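S.K.: Here are the chains, one letter per residue:
There are 2 protein chains.
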Amino acid sequence: MGGEMSHKAFQDYYPDHLSHCYGCGRLNDHGLQIKSYWDGDETVCTFEPKSYHIAIPGSVYGGLIASLIDCHCTGSAAAYAYRAEGREMGTEPFLRFVTASLHVDYLRPTPLGVPLQVRAQAKEIKGRKVVVVATVLAQGEACARGEVVAVRLPMGGEERMASSK
Amino acid sequence: MGGEMSHKAFQDYYPDHLSHCYGCGRLNDHGLQIKSYWDGDETVCTFEPKSYHIAIPGSVYGGLIASLIDCHCTGSAAAYAYRAEGREMGTEPFLRFVTASLHVDYLRPTPLGVPLQVRAQAKEIKGRKVVVVATVLAQGEACARGEVVAVRLPMGGEERMASSK
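Chains as they are written, first to last, in our numbering: chain B, 396 to 560; chain C, 396 to 560.
Don't read these hints as lab results, they were simulated from the structure.
Treat the hints loosely; a few may be bogus.
Remember, identical chains collapse to one label, so a pair may be satisfied in a single copy or spanning two.
Claimed, not checked - List time: in silico SDA-like cross-link candidates among lysine to any residue, alpha-carbon distance up to 25 angstroms:
1. Lys518 - Glu542
2. Lys521 - Arg503
3. Lys403 - Arg514
4. Lys403 - Val546
5. Lys518 - Gly481
6. Lys403 - Ile451
7. Lys521 - His498
8. Lys521 - His402
9. Lys518 - Pro549
10. Lys445 - Ala495
11. Lys521 - Pro504
12. Lys403 - Gln512
13. Lys524 - Ser496
14. Lys403 - Pro452
15. Lys521 - Gly435
16. Lys518 - Arg503
17. Lys524 - Arg540
18. Lys518 - Ala495
Computed from a predicted model, the values in this text were never measured in an experiment.
Next comes chain B alone, as it looks inside the complex (with noise of 0.2 angstroms):
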């Protein structure tokens, strides 16, 4: 847990102008920002909820649940993404993915006052867009699972980039 947390996060790597996510930019001063790190072939992302984001008595807010799910999974679908490209995250031109749709099934009450980690696997890597399947576990134990489709945000840098080559 150490090693992984001492690398710089996959949403470290955005732009300055796509890192206000209330999610996971790093320049959201009211935001949660979430970070995703490689664990292998997994992506985990490890974020422990405030007292307030509280739903019924001692349990996570779904909402909080689901945003979780959306950032990690977005930002693992670009890590995939330039995995799949054999380039290293960063690299221009930038991938950068959005929510097409998402899905979360709440297994049972996920408890607040630990910490949660997500962690997730890319189903699906084709075109522009990347499928990835998520659990959010507490203490070990799976408490909801998701699955998200992301879409490559077309980049207006990017294209300017390629027009200009």
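Fit chain C to the supplied structure of chain B, relying on the hints for placement.
M.R.: Relative to chain B, chain C alone:
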């Protein structure tokens, strides 16, 4: 619009101990305090995201959209369930629903800086389960569609009341 807002919101009928939800709890000072109302046979929630509820520039964060759909649909599930039982909202035994699954299709970027409207209808009411479908609109244009499978929460108070009868 003025008329609908003058009524008590669905969430204002929740018992105090179930009113701390980050999305819709009236007792959560850090939360979104989403409010849902009847509008004929549909339900409606109006919410204006803050400037920091941003995704990519100019667009509303998808996790916030998921949260609006989530809480508006569980609130709507309770309202439809009361109506199906021919009871006034807030009468005992209390009906409070939680989310079993959430699906969101993001149709287009949702513009930031305008009020959003979430409109929902019950698609199925069966036993403890209510399936609710929702559309998120900005300036009349559908930006996201959602579906929530909501399940009625067993209520400690209700069980005690039932056993004391």
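S.K.: Treating 25 angstroms as the Cα threshold, decide for Lys518 and Gly481: within, between, both or neither.
M.R.: Within one copy only: 18 angstroms inside a chain, 46 angstroms across chains, cut-off 25 angstroms.
S.K.: When Cα atoms must be at most 25 angstroms apart, do Lys524 and Ser496 count as within-copy, between-copy, both, or neither?
M.R.: both (11 angstroms within a copy, 23 angstroms between copies)
S.K.: With 25 angstroms as the alpha-carbon cut-off, assign the pair Lys403 and Ile451 to within, between, both or neither.
M.R.: between (35 angstroms within a copy, 21 angstroms between copies)
S.K.: Tell me, please, which holds for Lys403 and Pro452 at an alpha-carbon limit of 25 angstroms: within, between, both or neither?
M.R.: between (35 angstroms within a copy, 23 angstroms between copies)
S.K.: Reference check for the pair Lys521 and His402, CA-CA at most 25 angstroms: within, between, both, or neither?
M.R.: Neither way: Lys521 and His402 sit 27 angstroms apart in one copy and 49 angstroms across, limit 25 angstroms.
S.K.: As a check of your reading, is Lys521 near His498 (CA-CA no more than 25 angstroms) within one copy, between copies, both or neither?
M.R.: both (19 angstroms within a copy, 22 angstroms between copies)
S.K.: Have a look at Lys521 and Arg503 and pick one of within, between, both or neither, based on CA distance no larger than 25 angstroms.
M.R.: between (32 angstroms within a copy, 21 angstroms between copies)
S.K.: Is it within a copy, between copies, both, or neither that the alpha carbon of Lys524 lies no farther than 25 angstroms from that of Arg540?
M.R.: both (20 angstroms within a copy, 20 angstroms between copies)
S.K.: At 25 angstroms max between alpha carbons, let me know whether Lys445 reaches Ala495 within a copy, between copies, both or neither.
M.R.: between (28 angstroms within a copy, 22 angstroms between copies)
S.K.: Since the copies are identical, ignore which copy is meant and state whether Lys521 and Gly435 lie within 25 angstroms (CA to CA) inside a copy, between copies, both or neither.
M.R.: within (21 angstroms within a copy, 44 angstroms between copies)
S.K.: Is the C-alpha distance from Lys518 to Pro549 at most 25 angstroms within one copy, between copies, in both cases, or in neither?
M.R.: Within one copy only: 22 angstroms inside, 36 angstroms across.
S.K.: Using 25 angstroms as the alpha-carbon threshold, which applies to Lys403 and Gln512: within, between, both, or neither?
M.R.: within (18 angstroms within a copy, 38 angstroms between copies)
Hint compliance for this structure: hint 8 is the single one not met.
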